Amino acid sequence: MSGLQLLWFILIGVLFSGYFFLEGFDYGVGMSVQTLAHDEHEKDQIIETIGPIWDGNEVWLLTAGGAIFASFPYWYASMFSGYYLILFIILVGLIIRGVSFEFRSKMPGNKKKVWNWTLAIGSFIVPFFFGILFISMIQGMPLDAAGNMKAGFTDYINLYSVVGGVALTLLCYLHGLNYLTLKTLGPVRDRARNYAELFYWVLYVGLVVFAVLMYFQTDFFTLHPITTLSLLVVIVALSVIANVAVAKRKEMLAFLASGLTMIALVSLLFSGLFPRVMVSSLTHKNDLLIVNASSSPYTLHIMTILAFTILPFVLAYTAWTYYVFRKRIKHPKFDVEGEVVNAG
Amino acid sequence: MDIVTLARFQFAMTTIFHFFFVPFTIGTGFAVAVMETMYVRSKNELYKKMAKFWGNIFLLSFAVGVVTGIIQEFQFGMNWSDYSRFVGDIFGAPLAIEALLAFFMESTFLGLWIFTWDRMKPKVHVIFIWLTAFASILSAFWILAANSFMQHPVGYTLKNGRAEMNDFGALLSNHQVWYEFSHVIAGAITMGGIIIAGLSAFQLLKKSQKAKDFFKKSLRLGLVISLVGSVAVMTAGDLQMKDLVTQQPMKFAATEGNYKDTGDPAAWTLIAWANEKDHTQAFGVDIPYMLSILAYNKPSGSIKGMNTVNKELTVKYGNKNYYPSVNTLFYSFRVMAAFGALMFLVSALGLFFTRKKKPSLYEHKWMLWIIGLTTFTPFMANTAGWLITELGRFPWTVYGLFTMKQSVSPNVSVTSLFISNTVYFLLFAGLASVMVYLVIRELHKGPDYEEKKLEAEAKINSDPFDKEAFS
Numbered sequence: 001m002s003g004l005q006l007l008w009f010i011l012i013g014v015l016f017s018g019y020f021f022l023e024g025f026d027y028g029v030g031m032s033v034q035t036l037a038h039d040e041h042e043k044d045q046i047i048e049t050i051g052p053i054w055d056g057n058e059v060w061l062l063t064a065g066g067a068i069f070a071s072f073p074y075w076y077a078s079m080f081s082g083y084y085l086i087l088f089i090i091l092v093g094l095i096i097r098g099v100s101f102e103f104r105s106k107m108p109g110n111k112k113k114v115w116n117w118t119l120a121i122g123s124f125i126v127p128f129f130f131g132i133l134f135i136s137m138i139q140g141m142p143l144d145a146a147g148n149m150k151a152g153f154t155d156y157i158n159l160y161s162v163v164g165g166v167a168l169t170l171l172c173y174l175h176g177l178n179y180l181t182l183k184t185l186g187p188v189r190d191r192a193r194n195y196a197e198l199f200y201w202v203l204y205v206g207l208v209v210f211a212v213l214m215y216f217q218t219d220f221f222t223l224h225p226i227t228t229l230s231l232l233v234v235i236v237a238l239s240v241i242a243n244v245a246v247a248k249r250k251e252m253l254a255f256l257a258s259g260l261t262m263i264a265l266v267s268l269l270f271s272g273l274f275p276r277v278m279v280s281s282l283t284h285k286n287d288l289l290i291v292n293a294s295s296s297p298y299t300l301h302i303m304t305i306l307a308f309t310i311l312p313f314v315l316a317y318t319a320w321t322y323y324v325f326r327k328r329i330k331h332p333k334f335d336v337e338g339e340v341v342n343a344g
Numbered sequence: 001m002d003i004v005t006l007a008r009f010q011f012a013m014t015t016i017f018h019f020f021f022v023p024f025t026i027g028t029g030f031a032v033a034v035m036e037t038m039y040v041r042s043k044n045e046l047y048k049k050m051a052k053f054w055g056n057i058f059l060l061s062f063a064v065g066v067v068t069g070i071i072q073e074f075q076f077g078m079n080w081s082d083y084s085r086f087v088g089d090i091f092g093a094p095l096a097i098e099a100l101l102a103f104f105m106e107s108t109f110l111g112l113w114i115f116t117w118d119r120m121k122p123k124v125h126v127i128f129i130w131l132t133a134f135a136s137i138l139s140a141f142w143i144l145a146a147n148s149f150m151q152h153p154v155g156y157t158l159k160n161g162r163a164e165m166n167d168f169g170a171l172l173s174n175h176q177v178w179y180e181f182s183h184v185i186a187g188a189i190t191m192g193g194i195i196i197a198g199l200s201a202f203q204l205l206k207k208s209q210k211a212k213d214f215f216k217k218s219l220r221l222g223l224v225i226s227l228v229g230s231v232a233v234m235t236a237g238d239l240q241m242k243d244l245v246t247q248q249p250m251k252f253a254a255t256e257g258n259y260k261d262t263g264d265p266a267a268w269t270l271i272a273w274a275n276e277k278d279h280t281q282a283f284g285v286d287i288p289y290m291l292s293i294l295a296y297n298k299p300s301g302s303i304k305g306m307n308t309v310n311k312e313l314t315v316k317y318g319n320k321n322y323y324p325s326v327n328t329l330f331y332s333f334r335v336m337a338a339f340g341a342l343m344f345l346v347s348a349l350g351l352f353f354t355r356k357k358k359p360s361l362y363e364h365k366w367m368l369w370i371i372g373l374t375t376f377t378p379f380m381a382n383t384a385g386w387l388i389t390e391l392g393r394f395p396w397t398v399y400g401l402f403t404m405k406q407s408v409s410p411n412v413s414v415t416s417l418f419i420s421n422t423v424y425f426l427l428f429a430g431l432a433s434v435m436v437y438l439v440i441r442e443l444h445k446g447p448d449y450e451e452k453k454l455e456a457e458a459k460i461n462s463d464p465f466d467k468e469a470f471s
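Top line first, the protein sequences correspond to chains G and L.
Just so we're aligned: 103 in the working numbering is position 103 of the first sequence, and the numbers increase by one with no gaps anywhere.
Just so we're aligned: 282 in the working numbering is position 282 of the second sequence, and the numbers increase by one with no gaps anywhere.
In short, the hints are calculated from the structure, not lab data.
Worth double-checking, as some hints may not be accurate.
[Stated by the list, open to error] Restricting the straight-line Cα-Cα distance to at most 20 Å, the calculated cross-link-like pairs of lysine to any residue (SDA-like) are:
1) L/365 x L/379
2) G/327 x L/117
3) L/123 x G/324
4) L/216 x L/38
5) L/405 x L/429
6) L/320 x L/354
7) L/452 x L/279
8) L/212 x L/387
9) L/453 x G/148
10) L/445 x G/324
11) L/123 x G/317
12) L/121 x G/148
13) G/111 x L/444
14) L/48 x L/263
15) G/330 x L/458
16) G/150 x L/358
17) L/356 x L/47
18) G/111 x L/433
19) L/405 x G/148
20) G/150 x L/3
21) L/242 x L/320
22) G/111 x L/414
23) G/111 x L/429
24) G/150 x L/209
25) L/298 x L/287
26) G/330 x L/429
27) L/159 x G/297
28) L/445 x G/327
[Stated by the list, open to error] Far from chain G by the CB rule (all over 12 Å, computed), these chain L residues:
29) 1
30) 59
31) 80
32) 113
33) 123
34) 142
35) 169
36) 277
37) 321
38) 345
39) 349
40) 391
Keep in mind it's a predicted model, so treat the numbers as computed, not measured.
Here a beta-carbon is modelled for each residue, glycine too, at the ideal position from N, C-alpha and C.
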C-alpha cells in the first residue's frame, strides 16, 4: 500500500465524516418538521435554520461519491452496482427531499403540507438506508473474483443492518435536535431539548445492541480489537457528553458532541474495514483491498494536489457562511397568505 | 429487453431531463447576475425587482437541476460498473473536482444570495450571484471534460486492463472539451435570454397585466442576451461540426444521412429518410455545394459516406456494427440547427421591433406569440444536440476504446433496472408538473408581489425594530 492510497482511504473517510457531521443534522431537522413542530409557523422556523446551508452540506456526499470514483474506481464500481436498489431508494429520498425546500416556499399555504412530508420522509430514508448500506457492507457481501456483487435480500436486510439503519437515523435525529436547540428560540428550542433527553435513552439501548452485533457479525474485534473497542467507547462517551450537555443547556457542546459522534462512527467503520474497502463473504481472496482498488499513482498524485489546494477555500467560505447565519431563528410572524418571508 | 438497452434508456432519460434544467439554471443565473449588476450600477429599483423576480424562476430550475444531477453521479457506478472500472482513473477525477471546486461554491453562495438581500450591501450581495453563476459554468467545464474523454480520449495509456491517466494537462487541453464547453455555455446563455424574453412576452399578452414596463424591459434584456448567445452558439457549433469530419466521421456522415461518399463539391441534404436496415437512403432533397461549404468553408471537397467509414472502422477495430441511429441523428441535427437559427432571428427581429424609436412589437399579438412560443425551442435544441453527441458515438462509450456492451454492470438485473426506470419516469413527470405549475404561479404573482406583501405586513406589525426576526 502506498502512502497516497492510504491518504485517499482516509480522505474518503473524512468526506463521509463531513457529510454525516453536516448533513446529519439537516436530516434530523428535516425529520423534526413532522415530529417536533406543532404548527406551520414552527415548521417555517425549523426549516429556516438550515435553509441557507443544507445544499452546501449535501455537496459533501457528492464529493465523497466523486472522490471514491476518482481514487478507488473498483470500490465505486462494486459498491454502487452491488447496492443498486439501496442507492436507488437513497436517490429517491434525496430527490424528494431536495426539491421540498424550494417547492414548499413557493407553494400556496394549503399545498405546503405535501412538501413537509416529502422533506421529513426523504430526511428519514437517506440516513436509514445509508445505515443499512454501511452495516451490511462491513458484515461482508458476496463479491465474486471480478468484484461483482450478487447479493440476496438477507445480505442487505438483516438484523444488524436494520439496527445500523435505526442507529444512524437516531444519531441524525439527535444531532438535528441538538442543532435546533442551538439555532432556535421559543417553544421549538425547549421541545427539541426535551425530545433529545428522551431519545438519548433509546440511543443507549441501540448502541449496546449495535456493539454486541458488531462482535458477532463482523471481524472487527479480531482484526482491530483495540481501535474497534476504543472507538465504540468514544461513541458512547460522546453520546453521554451530548446528553448531559443538552440537559445542562450547554447547547454548543451538545451539538459538537453529537457531531463528533458521527465522525467517531465513520472512523469505526473505516478503521474496521482497513486494509480492505469491501469485505467478501464468499472468500477473503475476493476482498477488495485499498491496494488493488485504487487509481494509478499519477491520478492519486494529481487529485491530492487539487484536493489540498481547493479544500481550504471550501472550508473557509463554509465557515464564513455559518458565521453569517449565526443568529437564532425566531418564530416567524404571519403574513398575508401565511407564507414565510424571505424563504427564497 | 436486455440490461444494455435498459441502462442506455435510463442514461438517456435522466440526462435529457437533467439537461432541461442545467442550461436553464446557468442561463437564467447569468441573466439574474446581469440584472443585479445593473441595479448596483444604476440604483434603479426596477432592476432589483427584475433580479428578484427572475431569480425565483432561476431557483426553481436550480432545485430540480440539483436533485436530478445526483442521479448522474451515481449512475455510472450503478448501471455502468465495468465502464467505471475501465475509466475511473481518468473519468472520476473531473467529477470529484467538479464537486469540490464548483458544487460547493455554487450551493454555498446561492444560500447566501437567497437569504441576505436585506442585510448585505448591494455591492457585496451581487458578488454572491456572480460566484454562483461562475461556479455553475465551472461545473459545466469539468463534466464536459469527462464527456470529452469519451468522445475523444487523450492523456491515457492502456495498462492493467484499464485506461490510466498519464497526462492531466492533455485532458484539459483536449480540443473536444473547448468545443463542447463553448457550445454548451453559449447555448445556456441563449436559453436564459430566450426564457426570460418568452415568458415576458406571454405576460405582455395579458390584458390585465399591470407590470407592463417591467416585462417590456425584461423582454428586451432577454433578447439582447439571447442575441449575443445565439451568435456564439452558431459559431461554436459550426467549429464543432467541422471537427467531427475528421474526428468522428461516422457521426458526421450520419447527421448528414450520407451512406455513400458525396461527390466533389458535396451537396447538403435538406430532408431525407434512411432505410437503416439495408443502409440506403430512401430519398433526399439536396442543396448543391452546401455541405462542402459547411464542412470545409469552400465550395469543394467531398465527405466520406457511412459505408466507407464502416469499412475503415472494421479494419481498425474489428467486426462490429458501427452504424448509429441515422434518422434520429439526421433529424436531431436539423431540429437543433433550425431552432438555433430561429432563436437568433427572433432575438434580432425582436430587438428591432422593440427599438425605442418605434416599438411596434407590443401592438402585434402575433409577434408576442412568436416570442412566447420560442421559449420552448431551446429545450428541444439542447436535447437534439445531446442526442447527436451521445447516440453518434455508437457503439462506443469511450471512442475507439470501450463499447457499451463492455461497459454495463453485469450484476444488475433487468428487474432492478425496470423498477428504477419506471420510478424515475414517474418522479420526473411529477417534478416537471410541479415545476411548471410553480413557474406559472410565480409569473402570476408578478413582480410586485413581495412589495405588496411587505406593505400588508407592515400594517399588521407596526413594530419597525422587529424586522430582524425575518433576516
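Going through the hints against the structure:
1. L/365 x L/379: violated (24 Å)
2. G/327 x L/117: With a Cα-Cα distance of about 16 Å, the restraint between residue 327 of chain G and residue 117 of chain L holds, given a limit of 20 Å.
3. L/123 x G/324: Cα-Cα ~16 Å, so holds.
4. L/216 x L/38: With Cα atoms ~16 Å apart, residue 216 of chain L and residue 38 of chain L stay inside 20 Å; holds.
5. L/405 x L/429: violated (29 Å)
6. L/320 x L/354: Violated. Residue 320 of chain L to residue 354 of chain L sits at ~56 Å, over the 20 Å cutoff.
7. L/452 x L/279: violated (64 Å)
8. L/212 x L/387: violated (39 Å)
9. L/453 x G/148: With Cα atoms ~58 Å apart, residue 453 of chain L and residue 148 of chain G exceed 20 Å; violated.
10. L/445 x G/324: Judged against 20 Å, a Cα distance of about 30 Å means the pair is violated.
11. L/123 x G/317: Status holds; Cα separation ~18 Å.
12. L/121 x G/148: Violated: residue 121 of chain L and residue 148 of chain G sit about 55 Å apart, past 20 Å.
13. G/111 x L/444: holds (17 Å)
14. L/48 x L/263: Distance of about 58 Å is beyond 20 Å: violated.
15. G/330 x L/458: Roughly 18 Å between the alpha carbons, so the hint for residue 330 of chain G and residue 458 of chain L holds.
16. G/150 x L/358: violated (70 Å)
17. L/356 x L/47: The hint holds at about 18 Å.
18. G/111 x L/433: holds (14 Å)
19. L/405 x G/148: Roughly 16 Å separates the two Cα atoms, so the pair holds.
20. G/150 x L/3: holds (15 Å)
21. L/242 x L/320: violated (26 Å)
22. G/111 x L/414: It is violated: about 37 Å lies between the C-alpha atoms, which goes past 20 Å.
23. G/111 x L/429: Holds, because 18 Å separates the two Cα atoms, which is no more than 20 Å.
24. G/150 x L/209: Cα-Cα ~61 Å, so violated.
25. L/298 x L/287: holds (15 Å)
26. G/330 x L/429: Given pair residue 330 of chain G, residue 429 of chain L is violated - Cα atoms ~37 Å apart, limit 20 Å.
27. L/159 x G/297: holds (13 Å)
28. L/445 x G/327: violated (31 Å)
29. 1: holds (16 Å)
30. 59: violated (6 Å)
31. 80: violated (8 Å)
32. 113: Nearest chain G Cβ is 9 Å from residue 113 of chain L, so the label is violated.
33. 123: The claim holds: residue 123 of chain L sits with its nearest Cβ about 16 Å from chain G, beyond 12 Å.
34. 142: Violated, since 10 Å does not exceed 12 Å.
35. 169: About 10 Å separates residue 169 of chain L from the closest Cβ of chain G, which leaves it inside 12 Å; violated.
36. 277: Holds: least Cβ distance 34 Å, greater than 12 Å.
37. 321: The claim holds: residue 321 of chain L sits with its nearest Cβ about 26 Å from chain G, beyond 12 Å.
38. 345: holds (34 Å)
39. 349: Non-interface label on residue 349 of chain L holds, nearest chain G Cβ at 34 Å vs cutoff 12 Å.
40. 391: Nearest chain G Cβ is 24 Å from residue 391 of chain L, so the label holds.
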